[in-house]
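Novice: Protein chains in written order, with numbering that gives the first Met the number 0: chain A, 0 to 332; chain B, 0 to 534.
Think of the hints as simulated: they come from the structure by calculation, not from any bench. Nothing here was measured: the structure is a model prediction, and the numbers come from that model. Every residue gets a Cβ at the ideal spot worked out from N, C-alpha and C, and that includes glycine. Check each hint, because a few of them may be wrong.
If the Cβ cut is set under 10 Å, some of the chain A residues that face chain B in the computed set are [said to hold, decoys possible]:
no., residue
1, Leu29
2, Val33
3, Leu35
4, Leu72
5, Glu76
6, Val129
7, Ala140
8, Ala144
9, Tyr155
10, Phe160
11, Thr249
12, Ala253
13, Phe255
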Amino acid sequence: MQFRLVPDDTKIRFMRARFIAIAVSAFLMLGSLVALVYPGLNFGIDFQGGILMEVRTPGPADLTAMRTNLNQLGLGEVALQEFGAETDVLIRVARQAGDEEAQQVAVVAVQNALDELIGEGISYRRTEFVGPKVSEELLQAGVMAISLALVAVLIYIWFRFEWQYGVGAIVALIHDVVLTIGLFAVTGLEVNLTTVAAVLTIVGYSLNDTVVIFDRVRENLRRYRSMEISELLDTSLNETLARTLMTSLTTLLALFSLYFFGGEVIKGFTFAMIWGVLVGTYSTVYIATPILLQLNLRAIGAKADAAAKVRGEVDEGPAIEGPGPARRGKAGG
Amino acid sequence: MKALQPWKIWLVVIVLVGAVIAAMPNLFARDTVEAWPDWLPKSQINLGLDLQGGSHLLLEVGVDTVIDERLEDLVSEVRLALRRERIGYRGLGVQDGMVRFTLTEPGQEALARAQLDELNPILAGNAFGVGGGREFTIQDFGEGRLGIGFSEEGRAERVRAAVNQSLEVVRRRIDELGTREPTIQRQGDDRILVQVPGERDPSNIKELLGRTARLTFHMVDMDASLSDAEAGRLPPGTMLVPSADPDDGVPGWVVQRRAELSGENLVDSQPSFQDNQPVVSFRFDNAGARRFASLTQQNTGRLFAIVLDDEVISAPRIREPILGGSGIISGSFTVESANQLSILLRAGALPAPLTILEERSVGPDLGADSVAAGQTASIIGIVLVGVFMALYYGRFGLIADIALFSNLVLILAALSLLGATLTLPGIAGIVLTIGMAVDANVLIFERIREEMRAGRTPLASIETGFSQAMRTIIDANVTTLIAAVLLFEFGSGPVKGFAVTLAIGILTSLFTATLVTRLSVLAWYRRTRPATLPL
């Protein structure tokens, strides 16, 4: 009945492919940055102000008629889109020139136009309006939250590990954040408050993954004192591979269930999260860990080892090199 | 072999039983829960506005208006004081946020300053008893030019008072709607957050909050000609006020600038009917009634204007003295607008206009759809993850599932006890936590497997597996917790709900993964004493 995602003696030479992986990542990051300029991010009303309405019509919605009527109001850009069902329409009206008052006038104008066109059966499922002042504050708060998260995490890793790990983790995180934002730019998915939540959760998740592997690397540095560093990193990755895949899979199961059954409103959020889990898992293996290799971790390992020896923490049993069934100094029992 | 520590078993049992009891009210309707005996917990999880439907409005109090009005008043006060003392002045007016004037005769600065000092009240002490500041600062610009304007504390005090008063009026107006459990709070310096659950049509609330509802009664200048007034030639002490309903004949009225009476004198106001037309009846307090009586006695036969927010809603002729202190406002009302005006008059006027900065309204049906979708997604997610764990780890997977289920109960219990608000992103947070919560179990189980392969005995593998995985688990979860805390700090509304469930989920999963799983595994081991672990 039981099965294995990863055979017990898996020895994938991850580090061998690291340059290819780094090249691919660099390319994707560059692409994301370009996409950020063109076509750019599709900011929702949370961050640029404006009006968003979700309406349900009695029958299948006549988008063309609605578009024509709303465009006659002279409110600037009015975007309509079917939302989850053919009776449901999402309406976005660009931020109006002028102050908050002008926005409210537009809300009423749109409602009146729709009431007139569709009549009694229309229901306003959602009306959101964000004025220029608030949208500016929300954008600032969002950028602030993501930047602070990166800094806080960097400090934490620094505190718990040596600086090389901190560099590895933060580069991997920036990689994840950039690729996620890039995804939004390329797909034109709306960037709103939940996007910030998604990015921050991705930061937390990706880091979680990274920390687990770093923990193992640190442990192995003490255990296999003369193993070549790239082999040691490979060993660590292979040892934790089952866990990495299991956790990604269970998280993805939960996310896919949210994506397909959680309703239209959080689809964008779950989509970003699914992408984030994939990217986060990949970056742990191919960004964070190779950086350790480049930063001459062994020297630090030896230093930590020496310090540990002074405190009497290092097992002085016969050192056995290489992974294998009896790699511990002492047999269990 | 290491014994199961009894206190740990008790801790787990007590926490889980407590959690089940605390989470229980959520399974029943509110009315059912209310009927329970008192010793049972009754608090249910609050649903956010996005789940139960409702309106969220962020309002800004127009404090500049308050400041400007106070300065205008100050101009009249200064004029009166200077005239009374026969101090010559010119150029009196507001300029750069200050009342300024120039003395015509040099040498009167000291006298003028003394007058200004008298107009400058001492502020009441603050909570620390340090008060003693003045509302205004007085400046001498030399060459007989003097100015008086708000001091920093004076301005802050005035803004604070205006916002507090607005808060009170907003609360009274919303209460009049009879909606259940509205939230009305101050935010920042000059903002008010209004959250009204269940309101289907927010335009009702918006209309109610969109008016300052300042009601004043003025005598109409019956000699002035409207066309002269429109051309800017007004008799002194009068003003032109447009009619609220210009289609109804008269475009505007020339009225005395001075208000004879104002809405502050009202004690009650109700919608009613007169000649089958909806009208608003009102009643004055004692002082107002006396004033109204003498006014109507002296001016029988003349017109007086009822002005609401700088518009004349009606200008009836005083047919006879009204001595009872009550009256009627007629105008082109509908039943609805008469009702609305009476609410506004009862609740009192806002000291300053409110601007809507942000509005988020969700209809109850969309909320219900979201709840249903969230439930479906959660159940499917949990089942998928649970089945997957059981398939992958066999007996240990089932133990992990027990932990997973306990985790869910703990999250619900924590949300109920904390009175936290569950939003749609919050549900996503729970589902996500479920996916991620098994991570701790995965780490432990994988570690146990490794120890087994390294040749340890089952019990030693279990012990080492748990203790080795623990450090990693804590490190890994602290990072997600950091993200959750920042989200809570910077997020707003529904996103905050996500941060809350994420943070709670991380903490509860630490408890279940370590204690619940560990004790279950040990209990199972003690019963069966297997030679190898089925991992």
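Novice: Can you verify the interface hint for A:Leu35: is its Cβ closer than 10 Å to any Cβ in chain B?
Specialist: 22 Å, violated
Novice: Grab the minimum C-beta distance from A:Tyr155 to chain B and call the hint holds if it beats 10 Å, violated otherwise.
Specialist: At 6 Å from the nearest chain B Cβ, A:Tyr155 passes the 10 Å test, so the hint holds.
Novice: Let me know if the C-beta of A:Ala253 comes in closer than 10 Å to any C-beta of chain B, holds or violated.
Specialist: 3 Å, holds
Novice: Can we keep the A:Val129 interface hint, with Cβ of chain B closer than 10 Å?
Specialist: A:Val129 check passes; min Cβ-Cβ to chain B is 5 Å, inside 10 Å.
Novice: Min Cβ distance, A:Val33 to chain B: is it shorter than 10 Å?
Specialist: 28 Å, violated
Novice: Would the hint on A:Ala144 be counted as holding, given a Cβ-Cβ threshold of 10 Å to chain B?
Specialist: The hint holds - A:Ala144 has a Cβ within 10 Å of chain B, the shortest such distance being about 4 Å.
Novice: Grab the minimum C-beta distance from A:Leu29 to chain B and call the hint holds if it beats 10 Å, violated otherwise.
Specialist: 26 Å, violated
Novice: Is the shortest C-beta separation between A:Thr249 and chain B less than 10 Å?
Specialist: 5 Å, holds
Novice: Could you check if A:Glu76 really has its C-beta closer than 10 Å to a C-beta on chain B?
Specialist: 20 Å, violated
Novice: Regarding the hint that A:Phe255 lies at the interface with chain B, is the smallest CB-CB distance below 10 Å?
Specialist: Holds, about 8 Å.
Novice: For the hint on A:Phe160, does the least C-beta distance to chain B fall short of 10 Å?
Specialist: 9 Å, holds
Novice: Is the shortest C-beta separation between A:Leu72 and chain B less than 10 Å?
Specialist: Violated. Min distance 17 Å.
When held up to the earlier numbered hints, the structure conflicts with 1, 2, 3, 4, 5 and fits the remainder.
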